[in-house]
Structures are given as C-alpha cells and as structure tokens.
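Asker: Residues per chain are reported as follows:
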Amino acid sequence: MAHAAIDVRELRKAYGTLEVLKGLTLSIERGTVYGVLGPNGAGKTTLVSILATLLRPDAGTVRVFGLDVVREADAVRSRIGLTGQFAAVDEELSGRENLALFGRLAGYSARSAKMRAEELLDAFGLLEAAGRSVGKYSGGMRRRLDIAAAMLVAPDILFLDEPTTGLDPRSRNDVWEIVRQLAEQGTTVLLTTQYLEEADQLANRLAVIDGGTVIAEGTPDDLKASIGSGTILIRLADPLQRSDAERVLKSVLQTSVRQHADSASLSAQVADPRLAITALAELSAAGIPTNQFSLGQPSLDEVFLALTGKPVQAELTGEGIV
Amino acid sequence: MNQPQSKLLMAMQAGKRPQRPGALNAVSAFVWRSWRKTIGKLHYLAIDSVIFPAVFLLIFTYLFGGAISGSTGHYLQFLLPGMMVYTVTTMTVYIGIAMKTDIERGVFNRFRTLPFWQPAAIVGTLVIQLLSFAAAILTTFGIGLLLGFKPEAGWGGAALAFLLVMFYAFSLSWIFACLSMVVQKTESLSTMSYLVLYPIMFTSNVFADTSTMPQWLGSIVDFNPVSLASASARGLMHGTTVPSGLMTTLVGLMLVVTVFMPLTFWLYRKKDKS
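So the protein sequences, as listed, match chains A and B. Using my numbering, the first residue of the first sequence is number 8, and each one after it goes up by one. Using my numbering, the first residue of the second sequence is number -3, and each one after it goes up by one.
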C-alpha cells in the first residue's frame, strides 16, 4: 500500500504560550514538489522541523511515508533530507570532512562515505573548496554543501526550508535547478518560501499558511483561478492619463484598480474576459490610447493579498521579486 | 544538459540507502570528528596537561612544601597523587562545553535528521576527552617523577592510581555533560566550573592532610569528592589503601555514572532544537 509522502492532521505546536501551529492539516502525494507559502512567523519552519523530527508536536498526528515522526523517528530519518534556513554543517571541519562524517552517520562505511563525499562535492561544484574549513565558505557554497549533505542517502523526500533566502541570484538559480532535477528523479520535495516567484516556478502544488493553519491549498493555477479568472494589465501611451483611465476601468469592471510603480501601467481583476474587451473599447472611445495590454492569470502576490487581506511582504514586492 | 548537471543526476542515482549505522560505527565517527578537532587545538591540551600541572607542582612543592611538610621531597610524596586528581578536575567541564556548543550550532539539526544512535555524539566526544585526561594525568605523574617522586607501592600501585583517577574524571564528566543539556548558555558552564569546582578543589585534602585541620572542617573536607579521589589515589600509589575509603570512592563514582549517564542520554534525545 502506498502511503502519502506526508500526512499531517490537526497539528498543534506552541512555544510556551505562543501558539504557532493551530490545527494544521496537510497531505502531500509522492513525487510532488510541494510549496508551503507564507509570511514570516506563519509557522513554516516549525512545520518543517516537526516533519524532519527536530521538534515534537504538541498534538495531532504527523506521518512521513506512513511512519510516525515521534514513535518511528529513526525510520523517518533514514528516508528524509533536510536543508534548513541556517546551514546544518560543522564550521570547524572542511567540506569534505563534513560530508564524510554525515555519510558515516547515515550508515555508509568509512570508505564508501569518503567516496560518496567526493561524488557529491563534484556534483555540487565544491571540489575546489573541499579542503577548506566551512567557516570560510560563502553563503552560496554553504547552502550547496548543506543540500549535498541532505542528498547523501538520496532521500525519498527532501525538505528545503527557505532554500534561497539570502542567496545571490546565481546561487538561487543553482538551487532551483537542483530542485527541478530532483523532481525529475521522482524525489518528493517540500519547499517553504516567502518568494511567490519561487513557489510559482517550482511547485506543482501549494499550501498557503497564515496564522498556523492552511488558508488555501491547490495547484498554483487553482489558487489563481479561485480569486477570479484573470488580470488585465494596461500600459498607457501617456502616463498623465492614468487617473482618467482608472476611472473608466472602474466603471466598466466594477473592481478596484491597482496602479503600478511604472507610472504608465495599471491593472485590475476581471471576472469575465469579455468585460476586458469592453474596457479596452471604452478607453479608446474616451481618447486614452494604450501602448500595451495583456490579459493574464493573477500573480501569486495577488492571490496572497486576496486570501489574507495583506501583502506577503511589502519590502520584498518592492524589490520586484514578483 | 551541461556537465555539472549530469554529474548531479549521476550522484543522485548512485545514492543507495545504506543500513542504519550500528552504535559502534556512529561512536567511531564521532571519535574521528572529536580527534580531528582536538589536533587542531593542541595548544589548549598542552596548557591543561603540561603547563598547568607543572606550574602547580613547582609552586606547591617548592614554595609551600617545606612549610607544610618539613621538606619538599616529603611534601611531593603527599601532593602528587592529589595533583593528578586536581589536574583532570578542571578538564571535566570540557565535555559539557563541547556538547552545548554542538546543540547551539546548526550541525545539531543535521545530527538529528540522521538515523544513528543519538547518544553516540556524547560517547564519541567523551572518548577523546578520556585520551586527554590520560595525557594530563601521565604528564603530571611524569613531572612528579622528574622532581623526585617515588610511588611507594611500585609501578603496579601507580597504574591502579592512574585507573582510579581516570574513572573519577570519567564520572565527573557525566555531571557536566548532563548540565550542558539544561543550561541556557555555554558560558554558564565555564562560570560554574569557577564557582563550584575551584572551591571544591581548594577545600579538599589535595594540598594538606585533613588531620591538620579543625575537626568540623576536616570532616567536611573528607567527604568532598575531590578529597575522596585524592585519598584513594594516594593510598593506591603508596600502598596505604584504607579499604573502606576506597570502597566509598568507587561506590560514589559508580553512583554518579549510573544516575548521570542515562539522564544525559535521555535529556539529549528529547532535546528540541532551540
């Protein structure tokens, strides 16, 4: 019988009086790349820590491949790999020594642990730095070493807790590429992130968590569809006409209109694509020419806003991560 | 697909899930790790096991020895076995510091997600600690020999005294290993070693015979663990063992191990990441 990769029911966890998870329920099929999306403090790391046997749940059942994470922790541990927000490696040892040590602790003999370490160092582009102590590694190298450590036993499920937080764009693309290749191999991946783009790029399914519970679950497309059929994005020929354009769009579409940072652009949600055509016709009749327009699905940013009533993280969207 | 990517795929395909490691294999992995870290910091070990005992032996033998025992040679005969105990006592806190440091660092999370017998982390680290205890006791003994110390019960007595002091340091280490599971900060452990260990070491019979002290103080000092160990080491070294005294020491130390070892393992296993 095939158990779900992850089955979490009514999971509760509090730190003292601070309730972090409040009856969270989640099920993940094998072979999916599953994104857990939520703002800081939503309980993402706590959830991953419990799944990876680092923390004990207060209440509820948590199973990984049908195995209980508390009572069968060792059996769970031999099938998972974890890469946390902070690299779980020994800074005093070299990269090579780290992998050899973890390999032995995963069950390889001293000799095969060494061979496996070389293989992974090579695969993750760390051969050159292998002899240096990890304390001297850059953030990107440390993260790669950490993922390599999580991959030692080719786990059935890999937990990546905000794997690209604090990485430069190149290292971030490296990590994304690694995740895609793992997914091709059939490894189940659970990925937490605050970056909507990351979830959109990588995940087949998503759970949005906020305040310790799942507030929405489904494929990225499901989630986008749940808040309306799409978004119309318009770029005006003349930025000065933006407020006139906003008035026209509001009266036709009957929804709120968002002005973008780019002073000539604005967007609005449309329930029915035919209304979008009417809106464009009205704009042109009002003497407001448009340079560009598109009708597309809403971004996950808009999904999050619609679900929680607050933006994911103002400073992140401001940096243009959407 | 470019070169590094195919290497990645190959590495992934090559990874076979090994059997869960045996407890001994896990311990030996930690012995290796701890050894690797110790040889990187040999100067610390040198301070503890050479400079510290040498300085104390010289000061006490030549500055105070004559005043305490009438002659320096006579005093060294009394002092040295206790000095072996004294030297390792301050080193027993290191296992606690090592464990606490691991728990505070990210690497603890990695250990937690691997399927080995978790207490191997403590046992493996302690094995290397025992080696450094042995080095410290032997150097202290060696310096004593150079200064003219003679074990009156011969080499056999000296060997038994060595074993006893090793067992003492082993037992005491479990107290600090256990404390490291409950203290908030690593610094608390070093503070504790100053606030608790130094008073205990000085109110012991390492430096002076309890029969020379006021009676009320003498009986307190006699039950100080450092005194018990020193008196027993002295007895074994010079063939003047009082069987009941040795028994008290051994039973006491065994009691410490039976309580603190399982307690440490239990606390370590149920320790959540902080």
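Quick caveat, the hints were computed from the structure, so don't treat them as lab data. A hint or two may mislead.
To be verified - Distance condition first, Cα-Cα at most 25 Å in a straight line; then the derived DSS-like pairs of lysine-lysine:
1. K181(B) <-> K121(A)
2. K266(B) <-> K181(B)
3. K37(B) <-> K181(B)
4. K121(A) <-> K266(B)
5. K143(A) <-> K121(A)
6. K29(A) <-> K267(B)
7. K267(B) <-> K181(B)
8. K143(A) <-> K37(B)
9. K146(B) <-> K33(B)
10. K266(B) <-> K29(A)
11. K143(A) <-> K266(B)
Note that the structure is predicted; figures quoted are calculated from it, not measured.
Asker: For every hint, state whether the structure bears it out.
Answerer: Comparing the hints with the structure gives:
Simply put, K181(B) and K121(A) have alpha-carbon atoms about 35 Å apart, too far for the 25 Å limit, and the pair is violated. The suggested pairing of K266(B) with K181(B) holds, with an alpha-carbon distance near 18 Å, which does not exceed 25 Å. The straight-line distance between the Cα atoms of K37(B) and K181(B) is roughly 22 Å, inside the 25 Å bound, and the hint therefore holds. Distance check on the hinted pair: K121(A) and K266(B) sit about 31 Å apart at the alpha-carbon level, beyond 25 Å; violated.
Taking the CA atoms of K143(A) and K121(A), the gap is near 22 Å; set against the 25 Å cutoff, the hint holds. With a CA separation close to 22 Å, the supplied pair K29(A) and K267(B) stays within the 25 Å bound. Taking the CA atoms of K267(B) and K181(B), the gap is about 15 Å. The hint holds against a cut of 25 Å. The straight-line distance between the Cα atoms of K143(A) and K37(B) is roughly 18 Å, inside the 25 Å bound, and the hint therefore holds.
Between K146(B) and K33(B), the direct Cα distance comes to roughly 36 Å. Violation of the 25 Å bound is thereby established for this hinted pair. The hinted pair formed by K266(B) and K29(A) meets the criterion: a straight-line CA distance of about 22 Å does not exceed 25 Å. For a cut-off of 25 Å, the pair hint linking K143(A) to K266(B) is broken: about 32 Å separates their Cα positions.
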